[in-house]
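Chemist: Using the sequences provided together with the hints, build the complete structure.
There are 2 protein chains.
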Amino acid sequence: MKKHLTDTDINNLERFPKVNLMNSATGYKSANLIGTKNPKGVTNLAVFNSVCHLGSSPALIHFTLRPHTVARHTYENILETKYFTINQINTSIVGQAHYTAASFNANVSEFEATGLVEEYKNDFYAPYVQQSAIQIGCEYVNTYEIKENGCLLVIGAIKHLYFEDHIQAKDGFLNLEDGQTVCINGLDQYAVPKPLARFEYARPNEDIKEKTI
Amino acid sequence: MKKHLTDTDINNLERFPKVNLMNSATGYKSANLIGTKNPKGVTNLAVFNSVCHLGSSPALIHFTLRPHTVARHTYENILETKYFTINQINTSIVGQAHYTAASFNANVSEFEATGLVEEYKNDFYAPYVQQSAIQIGCEYVNTYEIKENGCLLVIGAIKHLYFEDHIQAKDGFLNLEDGQTVCINGLDQYAVPKPLARFEYARPNEDIKEKTI
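Residue numbers (numbering that gives the first Met the number 0), protein chains in the order written: chain A, 0 to 212; chain B, 0 to 212.
Think of the hints as simulated: they come from the structure by calculation, not from any bench.
Everything hinted at is true.
All copies of an identical chain are treated as equivalent in the list; a pair is satisfied when it fits inside any one copy or across any two copies.
Below, a list of computed lysine to aspartate or glutamate pairs in the EDC-like style, where the Cα atoms sit at most 16 Å apart:
1. K193 / E176
2. K120 / E138
3. K2 / D164
4. K17 / D170
5. K1 / E163
6. K81 / D122
7. K158 / D8
8. K210 / D170
9. K39 / E75
10. K169 / E13
11. K1 / E118
12. K2 / E163
Modeler: Laid out in structure tokens, this is it:
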């Protein structure tokens with residue numbers, strides 16, 4: 000038997016039950032740290048669960064920002080410097096990753112506060128997270144304001160991609176399990192996905208086949 | 000040692016290795032079936048890995064559509080009828096869910112082709128997937144065209160939410176593990192997340208604590 004809530008029921012929930020419920024209702028999300036550095040040289044690191052692939056040619060990603068959240072430093076740094084990194088969160092750094100969400104003073108780097116290590120390479124301005132097995136260096140492209148609630152959709156272009164060699168399958172795919180990548184449910188649960196199956200391209204009147212790569 | 004690809008390297012990859020790589024690079028994604036019905040009564044069902052929470056007050060979600068994909072039926076139906084459902088994919092229906100991606104004739108319902116069962120309730124126009132433990136009934140709100148590559152960001156308002164009672168924790172959170180919800184890596188891998196930890200709200204100078212609910 001399923002519980003049923005209408006939009007009015009949801010709207011009448013108290014703040015935290017509502018936020019917890021709404022953030023779980025659409026399923027698991029990607030777990031990434033976005034790294035930036037402001038023009039004074041102070042670095043910033045924040046967890047995002049909304050980073051998504053947007054296109055492959057050219058390689059674009061997007062993520063959303065809520066108005067009035069701790070994420071503002073990230074966005075201000077991106078607008079001012081044009082560069083940011085995306086770093087997949089793995090099982091060995093989940094606690095540190097979550098700790099970046101604390102409201103640190105603006106002069107404190109979340110790298111320093113959490114022990115996550117800044118990594119710089121190929122003259123890229125923004126810091127990568129050294130402990131991350133999959134890292135992306137992005138250039139800022141555009142922002143779309145979602146007028147319905149003031150959220151921002153930020154578009155980035157992938158300029159650099161780094162990943163541990165052994166993670167990649169022959170067909171280009173990254174076995175995220177081998178990078179110990181986690182995913183996020185709601186605002187505060189981290190989970191470790193175990194692969195169930197890869198499927199071949201689906202065709203009418205043919206049974207679904209598992210891919211063996 | 001990490002492999003390094005620049006934007007030029009990525010651009011020069013062949014189509015499928017590029018698409019496989021780009022779709023894994025940002026991490027695991029939500030796994031949902033979007034259900035619609037056209038004005039003639041033909042139902043449609045398609046897998047989406049881009050459904051994301053956009054806000055709680057009001058409760059909004061978004062997802063992206065690529066230009067020229069099988070997803071066009073979904074979008075046309077949404078524009079014409081204003082309603083759609085989001086249904087979390089679970090371990091028992093992953094094969095059927097993936098099979099909805101086959102290019103069926105426009106008069107064939109993916110429900111019929113896959114054996115997933117249409118469910119109608121509370122006078123909502125669009126069909127839910129009966130086998131799904133977490134179902135959302137959405138009203139179409141708006142589309143933002145991403146001018147960089149022609150993708151569309153579709154916004155929906157949550158009008159109805161259904162979930163199996165036993166899934167919900169005391170603080171509103173849905174234990175997706177108890178709904179056997181899966182996540183997606185790339186275009187074709189389905190994985191089952193095992194919870195690692197829920198963390199308390201992070202505060203400077205306080206150790207990160209696990210939540211016990």
